[in-house]
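Chains as they are written, first to last, in the working numbering: chain U, 1 to 282; chain D, 1001 to 1401; chain X, 2001 to 2250; chain Y, 3001 to 3343.
You may find that some hints are simply not true.
Claimed, not checked - Pairs of lysine to aspartate or glutamate residues, derived as DMTMM-like cross-links and limited to a Cα-Cα distance of at most 25 Å, are as follows:
{"hint": "1", "chain 1": "D", "residue 1": "Lys1099", "chain 2": "Y", "residue 2": "Asp3178"}
{"hint": "2", "chain 1": "Y", "residue 1": "Lys3300", "chain 2": "D", "residue 2": "Asp1098"}
{"hint": "3", "chain 1": "Y", "residue 1": "Lys3300", "chain 2": "U", "residue 2": "Asp106"}
{"hint": "4", "chain 1": "D", "residue 1": "Lys1292", "chain 2": "D", "residue 2": "Glu1247"}
{"hint": "5", "chain 1": "X", "residue 1": "Lys2069", "chain 2": "Y", "residue 2": "Glu3097"}
{"hint": "6", "chain 1": "D", "residue 1": "Lys1099", "chain 2": "Y", "residue 2": "Asp3182"}
{"hint": "7", "chain 1": "D", "residue 1": "Lys1165", "chain 2": "D", "residue 2": "Glu1247"}
{"hint": "8", "chain 1": "D", "residue 1": "Lys1390", "chain 2": "Y", "residue 2": "Glu3097"}
{"hint": "9", "chain 1": "D", "residue 1": "Lys1324", "chain 2": "D", "residue 2": "Glu1354"}
{"hint": "10", "chain 1": "X", "residue 1": "Lys2069", "chain 2": "Y", "residue 2": "Glu3027"}
{"hint": "11", "chain 1": "D", "residue 1": "Lys1123", "chain 2": "Y", "residue 2": "Asp3223"}
{"hint": "12", "chain 1": "Y", "residue 1": "Lys3328", "chain 2": "X", "residue 2": "Glu2177"}
{"hint": "13", "chain 1": "Y", "residue 1": "Lys3300", "chain 2": "D", "residue 2": "Asp1053"}
{"hint": "14", "chain 1": "D", "residue 1": "Lys1166", "chain 2": "U", "residue 2": "Asp250"}
{"hint": "15", "chain 1": "D", "residue 1": "Lys1099", "chain 2": "Y", "residue 2": "Glu3027"}
{"hint": "16", "chain 1": "D", "residue 1": "Lys1166", "chain 2": "D", "residue 2": "Asp1221"}
These aren't lab readings, by the way, just hints derived from the structure by calculation.
Just so it is clear, the structure is predicted and the values come from calculations on it, not from any experiment.
For reference, the chains in residue letters:
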Amino acid sequence: MTAFVNQLPIGLSIGAVLLLVALGLTFTFGQMGVINMAHGEFIMAGAYTAFLIGDLVLALPAAFLVAGAMGLVLERAAVRHFYGRPLDTLLLTWGVSLVLQQLARDLFGAPNVQVPAPSWLAGGVGILPYNRLFIMALAVAGVVAVWLYLNRTALGRRTQAVVQNRRLAATSGIDTGRVDMLTFFVGSGLAGVAGVALTLIGPVGPGLGTYYIVDAFLVVVAGGLGQLRGAVLAAAGLGLLNSYAEFWSDASLAKVIVFAVIIAFLQVRPQGMFVLRSRVLT
Amino acid sequence: MRISRPIVPVALALALAACGSDAQPAAEAQEIKVGLLHSLSGTMAISEVTVRDAELLAIDEINRAGGVLGKKLVPVAEDGASDWPTFAEKATKLIRQDKVATVFGGWTSASRKAMLPVFERYKALLWYPVQYEGLESSPYIFYTGATTNQQIIPGLDYLKEQGKKKVFLVGSDYVFPRTANKIIKAYAAANGMEVLGEEYTPLGHTEYSTLVNKVVQARPDAVFNTLNGDSNVAFFKQLKSAGVTAETMPVLSVSVAEEEVTGIGVDNIAGHPVAWNYYQTTETPANEAFVKAYKAKYGATKVTSDPMEAGYNAVYLWAEAVKKAGTTEVEAVKKAAPGISLDRPEGKVTIDGENQHLYKTARIGIIQPDGLIKQVWDSGEPIKPDPYLKAYPWAAGLAAS
Amino acid sequence: MLELRDVRVEFDGYRALDGVDLTVPEGELRFLIGPNGAGKTTLIDVITGLTRPVAGSVRFAGHDLVGRKEHRIVRLGVGRTFQTSVVFEELTVLENLDLAAGFRSPLWTLARRRRGVSEAVAEALARTGLEELAERSAGVLSHGQRQWLEIGMLLAQRPRLLLLDEPVAGMSGDERERTGRLLTEIAADHTVIVVEHDMEFLRRHASTVTVLHEGKVLVEGSVEQVSADPRVQEVYLGRRPSDAAVGERT
Amino acid sequence: MRDLIRRNLPFAAVAVVALVAAPLLLEPFRLGLLAKYLCYAIVALGIGLAWGKGGMLTLGQGVFFGLGGYAMAMYLKLTEAGPGGLPDFMVWSGVEELPALWAPFASPVLALGMAVLGPMALAVVLGTLVFRQRVRGAYFAILTQALAAALVILLVGQQGLTGGTNGMTNFFELFGRDLAEDSTQRGLYLVTAGVLGVLYLATRQLVNSRFGRLLVAVRDGEDRVRFLGYDPALVKTVTFAISAGMAGLAGALFVPVVGIISPALLGVVPSLELVVAVAVGGRHALAGAVLGAVVMGYAKTAFSEQFADGWLYLQGALFILVMTLAPKGIAGLLGRVRRARTA
């Protein structure tokens, strides 16, 4: 029975991890329609930043900048030629992700590296260790920051304007190129932050990104294009589902169950939980 | 469509030209080519490259001592790319195109299973250097790592001696853990131990909070861990932050060696036991030389581990068999090999004539705060390899044949 | 023929259609006008299944259309064009028309190459005057030609009811003229509903006009009746109807 | 008539090279590799149809390839075990009785049928669920990718039924012929090349048919097609199923050619690699897709023989370059050269 009750906070903490890795995608995929397969490698870059800096708290802003800068370069050098062609961005960024993985292997070596967890994160409350609580707090902070950015800053509102109607936004004097750059910077930077958090619970190696990328996209798909509240609900839902499915069956079956539930869910809500209404005929 | 039509013949001509263009120069009479087939790229590269390095070291040493039958060994390295069909493909290439005398290679069971038919088909030799799940003895493979009765069963004997009666089984979802756990359950039934749970996670899984919760709630005396690769990092990190310590609940691992410890983080795993046949700290004269030579060649920060040592041994054992046979011809080498006994870094190893595995000494070690492993138990003498566990009555019926 | 009763459509709480009744008898040429946001396109969307009403009924030739999928409604004989014409640029004019004509044959019969030109396609080509461009790719057509191709595709479908959404928008004077003639010709043997802003165009071609305003039917009648109605003048006050914007709809 | 000959001349030239010259010139090992690339080319052809013509970017084609491969492998394992016998991996997995699921695969006709129809059935189910709800584009791509990930986990987990991560290997004979014989391998190569040729012609025919036009229309304006009276979901599902059937058949050929089928062959990465191959070859031309698969297959072999680490860099870089500089792939480049010459 305790085990059963324990699964609730565990599910939420799994959800927090999912949310963190997917948060950046709600920007790049959701807001800009870019399927960034290199998102996983930006997470990896964040984790390696933590490894180089060696201090978790200092690493958070640093990883945001490092991964964000990588995103910025990617956007300027390649992705910007592909707006409106999400499938092409998917393939392009997959190529980028391959190169980044091999680069990490050459720079840091193939074996995993160790990022020491700060001593103040040792211990925990009940079933949840402090490091899990830290990740949950980070996820909440990330959501709040993103919400404030989108709704309370001029830049954020411009971003939203561009998402809803690119052409209209451009004619209203918004420099859409700059908005795109900034959006990609923030989205990639958030991946870096997620990478720092993941050093607390998982391996830090060249393959890090590949472990999270599919799950991250599933969160965005289930949550609905570019919808913050959708992503939050989807992450929490998938986290809980994962937690209880694994509790009652096993980890392998849980993954299959999650996939089946998402397909079933899309039968009811084909565009995810929340969609922007648009009358544009494709 | 009009655009594309001329490209097809161009393409095929190119492909044909390319396919046919790599004729090999005739092998020098003074050289013996040997194949090294490990994953140099992909997920398994992390482990397999070190084994290849150890094999190269052995080849170097043998060459410096005058080679084999007066000829130098020339390594031909191929990349298995962590992809099982690629192993089969490259094995075929090494045998048919490069005409190597023997091949040292593989790590995962899947890669060995993929190569096995190739070696049997062309009657060529493979030396496989990693502990595995047993239940196999191909006439064209020599197994220089442990089979189950040289690692799993000694591990269980150790737990029993320590008074750990209730165990929880955690493994990656593939052949080795599933087979190992079947053996463990049969052993437990025969030895008054209780298996409280058996959980598998997909390869590469990193979310262990649910599993840790299950383990903690079951309150076992010990955990028998057959997780593979990166999953170990996530598992040990999350286990530690759940407050589990080696004192309260030791986790005996059979796939964590010296190289993995850094990635997991010494803090997270120090104090937990592992089961192997060799540690960097194993005290033999041969090991002192091996560790010294390895560090001299590849860097002082490098560590040596059991599969590396098994790969290193494989080269020496083959060379010894060739010397004894007076030829590199496969059937003659196979005939000469049984009974060959060498003092290796792990102590004395002897090739078993019946199943082409090695007699090996089992060792349990505890992971130290410096990342090395200290031996706390050994089987005293080399254990006769028994891949089908025929000598263990309780294991009857585990495998039908 | 077509009968809408108390149709209501809501977008996120905004009432796009607020209880529309509309009856169009067989053989009529009906014009639908109204200022931006009046719900004209939404009305067409409801008839053709693109938008599902929250309440009300849409009946066509004895069938209830609400809840049917778009292609099923087309198969009942209701065809439409779009404001921004969508033709398939990679296909030729002929292939575009052939595609439109082919939906009645079962899918597997399409697995053969097209041989010759079917009667429906030939007729559509002749009526729209696109014969000379038949083998050209649709991507090279001018704006007006595209609109005609759309109308041609609609004709090739041989529908019983045609819904045209601003067919002359963005056209030059000459093109307008020609489209008007085409429209009159089509109206002779079809039931047609046209959404149009251009009052001048209306005066020359319309028989009956329905004026929509804020999701409701404001007035219905002949062109003279409608343009004389003070409520209509109020709705259009301060702007010249012919200037009404084409592209942006919010 | 002359036009017909002229139009098919390049194809005939390739057929002669592939069916006559290659078996004569290449040593058996290289011929085997070429046969493997041709298996991938069959999958690529299906991707070219679904993605290039139909706009459905399927990142899970390995799933169908794998199902076909497993069906074939099950047949091979059963003939080898003989009536009442058990496949080797079941023996060491502790399975004592042949699972009912396996029984039909003892028949070569049923096994081959399942290799093609099984994937098609799965594609129909998935296509119906997904396309009917108008899930498309990126969403479809991600879902197929997740499908590949899920299927791998499922296959690995059912070790007694599927051989787990090891998959199935160690096949000895096919229809009574020794698989180790070079002559059998040559025969398999010819069959593979023949199947590819026939499928290429059939797919070309389909693309040039009215259905092909409809498919392009669905790709470029799915919603518009609805108002032409067609159900795009049906068109897409049919196309998706055809491409799945091709992948399944390719998988069935792959198993005797290469001698192994394992979950690693149908996961996310191999599926993506095939899409990459199609993009490099040129997604808008069917021949480009075939070409891409052969070229990338060969490049992978060649590079890993020369320098293993470089392969990821090269693959990634090549791909970025193709996407940014030559989005129509090699086929597009060759077409440009040809036009420049004739102009």
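Evaluated hints:
1. For the hint linking Lys1099 (chain D) to Asp3178 (chain Y), the alpha-carbon distance of about 23 Å falls within 25 Å, and the restraint holds.
2. Among the hinted pairs, Lys3300 (chain Y) with Asp1098 (chain D) is consistent with the structure: their alpha-carbon atoms are about 19 Å apart, no more than 25 Å.
3. With a C-alpha separation of about 20 Å, the suggested pair Lys3300 (chain Y) and Asp106 (chain U) falls inside the 25 Å cut-off, and the hint holds.
4. The hinted pair formed by Lys1292 (chain D) and Glu1247 (chain D) fails the criterion: a straight-line CA distance of about 34 Å is larger than 25 Å.
5. Between Lys2069 (chain X) and Glu3097 (chain Y) the alpha-carbon distance is near 50 Å, which puts this suggested pair outside the 25 Å criterion.
6. Between Lys1099 (chain D) and Asp3182 (chain Y) the CA atoms are separated by roughly 17 Å; this keeps the pair inside 25 Å, and the hint holds.
7. For a cut-off of 25 Å, the pair hint linking Lys1165 (chain D) to Glu1247 (chain D) stands: about 15 Å separates their Cα positions.
8. This hinted pair checks out: Lys1390 (chain D) and Glu3097 (chain Y) have alpha carbons roughly 22 Å apart, not beyond 25 Å.
9. With a C-alpha separation of about 18 Å, the suggested pairing of Lys1324 (chain D) with Glu1354 (chain D) holds against the 25 Å cut-off.
10. A hinted pair counts as satisfied when its Cα atoms are at most 25 Å apart, and Lys2069 (chain X) with Glu3027 (chain Y) does not qualify at roughly 58 Å.
11. This hinted pair does not check out: Lys1123 (chain D) and Asp3223 (chain Y) have alpha carbons roughly 61 Å apart, beyond 25 Å.
12. Pair hint Lys3328 (chain Y) plus Glu2177 (chain X) does not hold up; C-alpha atoms about 42 Å apart against a cutoff of 25 Å.
13. Taken as a hint, the Lys3300 (chain Y) and Asp1053 (chain D) pair is honoured in the structure, with Cα atoms around 23 Å apart against an allowance of 25 Å.
14. Between Lys1166 (chain D) and Asp250 (chain U) the CA atoms are separated by roughly 21 Å; this keeps the pair inside 25 Å, and the hint holds.
15. Distance restraint check for Lys1099 (chain D) and Glu3027 (chain Y): the Cα-Cα separation of roughly 14 Å lies within the 25 Å cut-off, and the hinted pair is therefore satisfied.
16. Pair hint Lys1166 (chain D) plus Asp1221 (chain D) holds up; C-alpha atoms about 5 Å apart against a cutoff of 25 Å.
The earlier numbered hints that this structure contradicts are 4, 5, 10, 11 and 12.
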